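There are 2 protein chains.
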Amino acid sequence: MGDTMKFDKSRALFERAAKVIPGGIYGSKAPGFLVPGAYPYYLDRAAGCRMWDADGTEFIDYLCGYGSMIVGYGNEAVDKAAVARIRQGDLLDQPSPLMVELAERLVGKIAGTAWSVFVKNGTDATTLALSLSRVRTGKPLAILASEAYHGAANWCSANVFPELESERRDIRRFKYNDIEGLEALFRENKGRIACLFLTPYHHPTFAPQEEPDPRLYETARRLCDSEGALLVMDDIRANFRLHEAGSHVRFGARPDLWCMGKALANGYPISVLMGTEELRAVASSFFITGTYWMSAGPMAAALASLDEMERLGGVARLEVLGAAFKEGIEAAGRKVGFGARVTGPAGIPFITFDEDPDLWLNQRFGSAMARRGVFIHPHHNGFISLAHGEDDIALTVERAEAAFAAMAAGRE
Amino acid sequence: MGDTMKFDKSRALFERAAKVIPGGIYGSKAPGFLVPGAYPYYLDRAAGCRMWDADGTEFIDYLCGYGSMIVGYGNEAVDKAAVARIRQGDLLDQPSPLMVELAERLVGKIAGTAWSVFVKNGTDATTLALSLSRVRTGKPLAILASEAYHGAANWCSANVFPELESERRDIRRFKYNDIEGLEALFRENKGRIACLFLTPYHHPTFAPQEEPDPRLYETARRLCDSEGALLVMDDIRANFRLHEAGSHVRFGARPDLWCMGKALANGYPISVLMGTEELRAVASSFFITGTYWMSAGPMAAALASLDEMERLGGVARLEVLGAAFKEGIEAAGRKVGFGARVTGPAGIPFITFDEDPDLWLNQRFGSAMARRGVFIHPHHNGFISLAHGEDDIALTVERAEAAFAAMAAGRE
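Respectively, the protein sequence lines represent chains A and B.
When the letters of the first sequence are read in order and numbered with my numbering, they come out as residues 301 to 712.
When the letters of the second sequence are read in order and numbered with my numbering, they come out as residues 301 to 712.
For the record, the hints were derived by calculation from the structure and aren't laboratory data.
This list has only true hints and no planted wrong ones.
With the Cβ distance kept under 8 Å, some of the chain B side facing chain A (calculated, not the full set):
hint, residue
1, Val-320
2, Gly-365
3, Gly-374
4, Gln-388
5, Asn-421
6, Ser-595
Under the rule of at most 25 Å between Cα atoms (straight-line distance), these lysine-lysine pairs were calculated in the DSS-like manner:
hint, chain 1, residue 1, chain 2, residue 2
7, B, Lys-380, A, Lys-380
8, B, Lys-306, B, Lys-329
9, A, Lys-329, A, Lys-306
10, B, Lys-409, A, Lys-319
11, A, Lys-409, B, Lys-319
12, B, Lys-319, B, Lys-306
13, A, Lys-329, A, Lys-309
Estimated spans, in silico, between C-beta atoms of each pair:
hint, chain 1, residue 1, chain 2, residue 2, range
14, A, Ala-411, B, Glu-483, 57 to 67 Å
15, B, Asp-658, A, Ala-581, 25 to 35 Å
16, B, Arg-316, A, Arg-487, 36 to 46 Å
Computed from a predicted model, the values in this text were never measured in an experiment.
All C-beta atoms, glycine included, are put in the ideal place defined by N, C-alpha and C.
All chains, please: the whole structure from these sequences, using the hints.
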């Protein structure tokens, strides 16, 4: 293509990085986790739903900091509140009054919860949920869905080195939505199960997203109750994009523990474990601590971001934008013969191709869109934010039509 | 006392908190971890080396956000750099160019290191060091000093519930500075040791601090080399208060892995695992990821804070201030018969009383100082910052004299 993007500065930075950082960039932001050479390696600034890379190229963003951005990059209300609080006092020797305010706000908002424990990483919340489940029940096993992402700790991460096997020994997996398989796991491990982790719906990497089977949550609740196990809702990735009162409400689930993060504070670092009244005692018995966990800045950001979500239309607005995205992308694909399918809730779309289970078309389409200034991850679900507008979606669909046309013509 | 401090707002906030947060405040900031009723529960703002609590009372601070604050609360250069960067783009889909700049800066600064991996919590760094050690050596055991703090994960935390025992099963402890005990542990576990964790010097909670035995580091290096184990320097609490090139340089230690955090970014949330060239490959083989780990704001803060440390006089300046603190507090105690002793490096002082191994005098002294507007933790080491001045130390010593006098007279 004549319009190949320039990544000169990204590449030069990466060459420097490779000398002082293992792999140059590690984890989910490594070039190999996108399409090497087709996406920028470094991003320099952002505003609203747009980002600019190190070479100055503009992108409409559909990854949103892996879901953390929900009311817009550089949202003035959020940044103003957070920055004022940071300058007044962020990490101090004791918490700020904001911790009380945020806990009250969340307990009042998230249906079924009685308390909040603020942590930093999402993994801090899921790992704490696992520990509290084990301590509360006196039992070791945790059941997770295969391919479900619950964080970067060894008990749940992609690091399957044999030397770390002991940390995964008490984890069992079932195929998402396989109700009979789940029942069988509970039967086979009767008396040994501490908890069942579920994401509100299934959002694996590398595969279409799946809504929960209508029987999943009633089965999960019944199995947990009869086992005396806890149901943990890992709502970190989806929170505030499915339902204002917590994603579980959308599906009628009744969890014991909730993990939230990401969109909670529009990118400022904070996560939270929430629980029912019954679990307050066990949470109180645990020594829960982290140097940065009670910093006031991210709490101010969270409070302001919750306000902004409401002001900007919340989940209802994301549904409208997401529907336009889905309709536009799928139609653009069909027009030239691609079976592009957008799965998942409207605010968390993932594009796959019916004719391509290996995601090769995803790589081609993602690259073609990146070349046209749209950042769509090739094998991870995307996110829509309240800073996206109908005009951004329309422009995206227009570029998708051009991308599909180039792909159909074999040019890209 | 007539001048009893008012904690009305702290108490009212705590009553609200107790309804929505387990224990009201958890972990090391729980009221019970200080002296309940004698210290404020909530802090509202800070500037330089001063903090103001929720009731508006001012304190000279000697805890510094558990060591994170080193160039002053609200340091203008640090906040300006961080805030500008946050507004420009903090958490994006890919790292910012600042990640490369900070990695280069740290590798150039910390003696013996070849690479940096940025994480969020200090515990993320120590836990990653443990995992990499196990994967690299193919062996399970980690050796730690008794009472040494390495973070809040179950393998090293105060949560000794039997349900979590499997996570501590491969941990062995030796008495700090017991060279023969350490040698015996290596002998008894020959062929099974992945790593030895050491803090640069011993800073237990509830006990005087200890400098390393002159033979400790050469013994540690020799034992690790002959076992093929890795030496991990947990420099999170002490970093940049002992030596500009890393605390290990002060003691002639030669680690394989380094954990740093806290003072790295003056309170902004970031930690880092660093390592030698030999360990680059194993670090590259690990999937290391966290949503907030590559955010640009804390990296801008770290770069600016490193500059500020130099500009404000660095470790040499902390040594001067710390010496004045030690001399003043010890003399104030002796004057009325208390065996107050300040242990540890000058920038990280801990006051204990020779006649009181149970720390009851610490509680009385800490409370008496809090009443006089000085925040000294009753059973955790303190920190001096580059925002403290000779006048602050002199005022602190003056207040210590009054506190000791009141204690000697049995009034407090």
